[in-house]
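Line by line, the protein sequences give chains G and P.
Following my numbering, the numbering of the first sequence begins with 1 at its first residue and continues without gaps.
Following my numbering, the numbering of the second sequence begins with 1 at its first residue and continues without gaps.
Please keep in mind that the hints were generated in silico from the structure rather than gathered at the bench.
All clues stand as given, with none of them false.
Covered stretches of chain G (chain P as the covering partner; in silico rule of three or more C-beta atoms under 8 Å from a C-beta of chain P): (1) 24 to 31; (2) 34 to 44; (3) 47 to 60; (4) 75 to 82; (5) 116 to 125; (6) 142 to 155.
What you are looking at is a predicted structure, and each value in this text was computed from that prediction instead of being measured.
Virtual Cβ for every residue (Gly too), placed ideally from N, Cα, C.
2 protein chains.
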Amino acid sequence: MNNEFDWIQSVSPKKLHQPSVKVGIGDDAAIYSVHSEFDQVVAVDTMVEGIHFTRKTMPIKSIGYKALAVNLSDLAAMGAIPLYYLVSVAVPKQGWTQEELSKMYEGMDQLACKWQVDLIGGDTVSIRDTLVLTVTVIGKVKRDRHLLRSQAEEGDVLFVTGEVGLSAYALEHLLNDESPRVDQSSFARFLKAHQEPEPQLEAGQLLAKGDGRVSLNDVSDGLAHEAKEIAEASGVNIVIDWDSLLIPQEFNTHPIEKQEDWMLYGGEDFQLVGTVSAHYWNELVLRFKEHHLLLHKIGRVEKGEGTVFMKRHGTRSIIEKSGYHHF
Amino acid sequence: MNNEFDWIQSVSPKKLHQPSVKVGIGDDAAIYSVHSEFDQVVAVDTMVEGIHFTRKTMPIKSIGYKALAVNLSDLAAMGAIPLYYLVSVAVPKQGWTQEELSKMYEGMDQLACKWQVDLIGGDTVSIRDTLVLTVTVIGKVKRDRHLLRSQAEEGDVLFVTGEVGLSAYALEHLLNDESPRVDQSSFARFLKAHQEPEPQLEAGQLLAKGDGRVSLNDVSDGLAHEAKEIAEASGVNIVIDWDSLLIPQEFNTHPIEKQEDWMLYGGEDFQLVGTVSAHYWNELVLRFKEHHLLLHKIGRVEKGEGTVFMKRHGTRSIIEKSGYHHF
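Take the sequences, apply the hints, and build the full model.
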């Protein structure tokens, strides 16, 4: 890249949202101040061209948006408030223009502005063939307020914060060149779920409010996979009630196996899935209603050792983790 | 990769050094506690196969070691105490065995243990061709104690914490297959400088002690480049005195142009370069002596607008940034 320095300047934020940032981009490392009444929360995720996206499945701006979104989703799953992010990008020597890279950063910036998250550092390096985008996010959560996947208990309500399967449905249509054939106005929300998913930060923060026990995951690898993670980490069984799931009406004309593929194994939905005690459930539902957010019961937690069942029309079957496979 | 979960388990630390870690690897994000008397310091760096290293120039264990070292060096350049790191690795579908990856993590672990830094998170993804290794490090520094490159002032002493040019000398010999021809016992320290550089954390922390003004960089892109960065960020001129530089005796048989290439433009030395007031200088030298560390004067800061000069045998020439070019 020519003028790497100038380019980095051009994507560096002109104004910061967080007054805690003392040194941002431009020195060897970034510096920010902290308060000991909060714990710090950090996550990192990498998106690779040809594995997690292609130019066919993602507009360039969405690649940036999604790379930040999947990281913010990890913070949402801890009930955290996001504060800062760092971006390391390996840029192929050919095939990506500086304008395209800037568009990718615009996508990140759009989401960052919404959540008042500041870009405070990064690295820009060369690579031979494919773009690799790694985002690190840092946030905070009230001290000792931890929403872990290991905290589910027998008798808990299993919930999700929204519909699942939308991203997988969109991806399948994009890969099979079927997107022109579907109703565009209805397809838009599926496309959005795949290309520019909304990290459920508000829901995560609502769940972190108060001090009721909450177990929580984000649905990055499919509902089955995430439920299995909670079940195994907590040493319980989980029953997903198929008839309770919110099934998009567009799925109705497809065979049940397809619906299962999208909704149980689809992945990349970035809704939150978790459990709370039946006692705490009603309080939470009210809190979510007040904030016009969805909290939807889809099953329950039973005594057990890490098995996930699906119940449909009164019949139970064991479902496996086998989650999401990238193309 | 088969058994990704098992493999991640195998490289996850069994024991943590920092009691502040509340949630490490195994949930959506890591959580750690903080004290408000410290600021947090964070940096990220990426190493790409075929760009920053090849199997010819680096043993696999050293790839891991160096990826963490270059990040710790960024913290050293802020005078920070490192605490945690996260590793995101994109692994080619072919060409890397699980054993080799584990070796790479061993290299990181070796350095991490030395500095009591904990691996608290990461991501493992696939890529088509080349390995990409991104490390994020987080540390702390006393509140408002910032060693920035913008803090040099007219009259300052310019210093380095050790020899420069060793890494470039080693790399050139490795790339030209000349390493068998050099004296192996003498070549070992050059090889070490290139493959497993020591981040100058102790020196950085000594510089952060007390409250004297310090401007500081790590020599990742060559002495000329780093001096230029300090000069430009501070709005001063810098004069490097060639005759003050510690020149390895192995360099003596090579033409002066070669010596300059290695020492001024070589890069990846990961020594620290910086400036302090002449008044503060003597105090610092004593402090470094007490700790058996080198602090070596190599020039001075003058009034100016960002120019770097080299003085040799009484003659001055302007030197440019043009630092280090990866192969």
